[in-house]
Amino acid sequence: MAVERTMTTRAAASNALRQQRFVREVTIQYNLCNEPWIKYSISIVADKGLKKPLYTSARLKKGEVLYLETHSCRYELSFAGEKMVKAVPASESHDTETEKSQNHLLHSTNEEKTDGDNIMTDVFRWSRCKKPLPQKVMRSIGIPLPPEHVEVIEENLDWEDVQWSQTGVWIAGKEYTLARVHFLSKD
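Counting with numbering that gives the first Met the number 0, you get residues 0 to 186 for the letters of the sequence shown.
Possibly wrong hints are sitting among the right ones.
[To be verified] Once the Cα atoms are required to be at most 20 Å apart in a straight line, the calculated EDC-like pairs of lysine to aspartate or glutamate come out as:
(1) LYS130 to GLU34
(2) LYS82 to GLU153
(3) LYS85 to GLU154
(4) LYS61 to GLU159
(5) LYS82 to GLU159
(6) LYS85 to ASP160
(7) LYS61 to ASP46
(8) LYS129 to GLU34
(9) LYS82 to GLU154
These aren't lab readings, by the way, just hints derived from the structure by calculation.
Please work from the sequences and hints to get the whole structure.
Rendered as structure tokens:
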């Protein structure tokens, strides 16, 4: 009988371990205003599956704003609209900026072609919040925050200029080591 119990216990433990592998770990931390936010993890901002509405960029385009904190500063990543980009055929130029643009044209999912020479592309804004404000105050003054509450660091960012890592985010070549993350919507 003792042998059967041990095997049953081992099987139950093995089954529990298998189930835990699919559970996403979420750790809560207190933000710079002493409110509960999620500890930064790449899994929070990573695209979820193959459905475009679950992509972080799509969430931002639909009106959500991503607030990210280091241990001392709060940043805002928001959708800034669309801009017209001239489509350049590969045979016309070989400079790195054009190659980046062409590569973007081939691989981006956030664009809509408008005519033979130009396309519309989504652009994003990276800002530092001048002062961390409680969520209730932020919602009352507006999401994304109005210009008097932020210092815009990068405008007209391509989504490819935002590179997530295990420890933070690279924006236009500069690394920001992140501690906390929170999506907020206008509503």
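The hints, checked one at a time:
1. Restraint check: the Cα-Cα separation between LYS130 and GLU34 comes to about 15 Å, which is no more than 20 Å; the hinted pair holds.
2. For the proposed pair LYS82 and GLU153, the alpha carbon gap of about 15 Å is at most 20 Å, so the pair holds.
3. Annotation: proposed proximity of LYS85 to GLU154 holds, straight-line Cα distance about 18 Å (limit 20 Å).
4. Proposed proximity of LYS61 and GLU159 is supported: the alpha carbons are some 18 Å apart, at most 20 Å.
5. Restraint check for LYS82 and GLU159: the C-alpha separation of about 15 Å stays at or below 20 Å, so the hint holds.
6. Between LYS85 and ASP160 the CA atoms are separated by roughly 18 Å; this keeps the pair inside 20 Å, and the hint holds.
7. At roughly 15 Å between alpha-carbon atoms, LYS61 and ASP46 fall within 20 Å of each other, so this suggested pair holds.
8. Restraint check for LYS129 and GLU34: satisfied, since their Cα atoms lie roughly 18 Å apart, inside the 20 Å limit.
9. Restraint check for LYS82 and GLU154: the C-alpha separation of about 11 Å stays at or below 20 Å, so the hint holds.
When held up to the earlier numbered hints, the structure conflicts with none and fits them all.
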